[in-house]
Each structure stands twice: as structure tokens, then as C-alpha cells.
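In the working numbering, the protein residues as written are 32 to 365.
Mixed in with the good hints, there may be bad ones.
Below, computed lysine-lysine pairings styled on PhoX-like, alpha-carbon distance capped at 20 angstroms [to be verified]:
no.	residue 1	residue 2
1	Lys54	Lys338
2	Lys274	Lys338
3	Lys218	Lys199
4	Lys293	Lys338
5	Lys293	Lys276
6	Lys301	Lys276
7	Lys199	Lys276
Pairwise CB distance ranges, derived in the manner of DEER restraints [claimed, not checked]:
no.	residue 1	residue 2	range
8	Asn176	Asn353	46 to 56 angstroms
9	Lys301	Glu237	15 to 25 angstroms
10	Gly195	Val343	24 to 34 angstroms
11	His340	Thr125	54 to 64 angstroms
Derived from the structure by calculation, the hints contain no laboratory data. In this text the structure is predicted, and so the values were computed from the model without any measurement. All C-beta atoms in this analysis are idealised placements derived from N, C-alpha and C, irrespective of residue type, glycine included.
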Amino acid sequence: MKPVVFIYTVIVFLIFSGCSHSKWDVDISNIETRQEIERFDVGLFSVNTDSIWQQVPKWEQKYGNFFDAYNQQVIKIGGTNQLDYARNLTYFLTEPYISGAYADVQVLFKNLPFEHELADAFKRYYYHFPEKEIPAIYTHISGFNQSIVIDSGYLSISLDKYLGAGSKYYTMLRTPQYLSANMHPDKIPSDVMFAVAITEFPYKSESDDLISQMLYYGKIHLFLDAMLPQMADTLKWGFTKEKLKWCHKNENLMWLYLVENKLVFTTNYKEIKRYIDDGPFTSTFSKESPSRTGRWLGYQIILSYMKTHPEVTLPQLMGDQNYHQLLNESRYKP
32 MKPVVFIYTV
42 IVFLIFSGCS
52 HSKWDVDISN
62 IETRQEIERF
72 DVGLFSVNTD
82 SIWQQVPKWE
92 QKYGNFFDAY
102 NQQVIKIGGT
112 NQLDYARNLT
122 YFLTEPYISG
132 AYADVQVLFK
142 NLPFEHELAD
152 AFKRYYYHFP
162 EKEIPAIYTH
172 ISGFNQSIVI
182 DSGYLSISLD
192 KYLGAGSKYY
202 TMLRTPQYLS
212 ANMHPDKIPS
222 DVMFAVAITE
232 FPYKSESDDL
242 ISQMLYYGKI
252 HLFLDAMLPQ
262 MADTLKWGFT
272 KEKLKWCHKN
282 ENLMWLYLVE
292 NKLVFTTNYK
302 EIKRYIDDGP
312 FTSTFSKESP
322 SRTGRWLGYQ
332 IILSYMKTHP
342 EVTLPQLMGD
352 QNYHQLLNES
362 RYKP
């Protein structure tokens, strides 16, 4: 029995530790990228509210388009061309929930524990996609809105969305447990690179069906493997060990269910959401299952495709939008 226990332990370790993705652990020792993270949140909340108008030109010069997007799309107080801009910003900065969350951010993120991991991820991004722009990276307080803000030339992290599952603010906001469980600092690198992936490689498909979305997100998660090869799968997926183990144990049954119920090529929006969107579990499977099981199955199909076609590079895969062909050529057999 001892050899069996040993083998089982190794398999579980590989599944949950992320070490099974070592093929993506490329040499980045000679790659240099601009990856200092700018604490926009500190500068903004440190301002004397009586001198906001004097500070605005400095913010506009330093942060460019991000500053405008922050005002109008993140905290939604309007642009600096409005006469009541300073009053609106003052209200935001001094609102008890917001200022309280910022105080917690200052304790939890006095240093940025994810900075080195994120820097290495962008080095790997440059390694695979040297033609892509490396964005400037900021941190901000969103008022519990978007976790990651990304556009041409910049990316910013909402630190108030990563205070930990037990944060009193998430309780007061009645954030569902399946969401708050992933609102902690260790989730930041994978959330950032996920945002980069879906921005740089947006979903396109002629036959917008379930399998196309499954394989699209399968590609996105393979991208995460390449950017964060040492990160545990539980973190990259946002699944507990038990739910990830459930997926591996029931992979064949999940795929068989989709095939037998003629769901693989369904274009029914509600059915697609059932297997792609976030939630507490996948309702047609089991309460022990995670949500997003369609994405996880799509990832397994992409792994099978890459094993069958070792000559395919990551850029080639990310650019391939022929999802039915990817399925056919994957030789997927769960």
C-alpha cells in the first residue's frame, strides 16, 4: 500500500501546487521591464482637500488617461472640467466606508507582496509576446467597484477589492461568499494577468456556442499557466482544493453530460451562462462542484490539443479563433 499512497500524494501535489506547468517556466533572467507599481491611492488620499484644484494638473500630467477614467468610470464623480469636481472628490475621500477601507488597505498593503510575482509575470508576457506593450501599473481605491482597470498603456489594481474574505466591508455589502472567498491579496497576480489576457485576446467566434466559450477560456487559463507557472491551480482558478479535486474526479461525467444532452454546441444564452459564469456551484452537476466548470473542461481540451500539437506556440494558440477545429484536433478523451 505504501507505493500507492506515495503516488497519490505526488499526483495531488502536482494538481494543486502548479508545478505541473514547469514547461512554461522559461528563462527570464535577462529580461528587463518597467514594472514599478505607482501608489496612486496613497497620493490621492493624502491630498489636502482644500488644495484639490491645485493638485489636479499634477495628477493629469502624471496619470494621463487613467486619471480621467478613474474619475468618470471607476468612482463616477465626473471629470475635472466640472465645477463641483473638488466637492465630489472630497465627498468620496471622506465617506466613512471608503476612508475606512483605505485605512485597512494601508495596513494590509503597506508593502506590495505581489509586486515581484507580477513583475516576473510581465517578463514572461514580454518573452512570449515581445510586440505587446507593457502597461504602467497603478493601485487605487475603487469604492468596491471593478477589481482591475485596464486600457491602452495602463493597468490599475483596486486594493479595496482584496482585503480578505473576512473583511467587514464585504459583509456590509452582502458580497456573496463565492466572490469574497477570492478577494484576498494572493489572488491579485492571476486576476491581473487574466485581465491582460481577455483585453489583448478578446473573444471572437462565428458560432457563438458553448464549446467556443469553453475553449476560449481554456486558452485564457493556459495563458495564466505560462505567465504564472509556479502559482497553484487553486489560486489561478479560484477553486478550493476540494472543488478542484471534484473536477478531476468527475471530468468524464461532466463531458458525457454535455454530450448526451446536446449542450456542447448549444447557442442558448442561459445554458452557456450556466457553465461559464461565476457562482456558488454548477447547478446541473452537484453542490460539491465549482462554478465555471465549462471553462475548466475547455482548459482540459486545450491541454489535450497542446499535447497533440507540441509545435504550436502560445501566440499561435491565442490567435486561433477556430474553436470547432481546435476541438476536433485536440483528440480529447476524458
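(request) Could you tell me which of the numbered hints above are not met by this structure, giving the numbers in increasing order? (result) Going through the list in order, the structure violates hints 2, 4, 5, 6, 7, 8 and 10 and respects the others.
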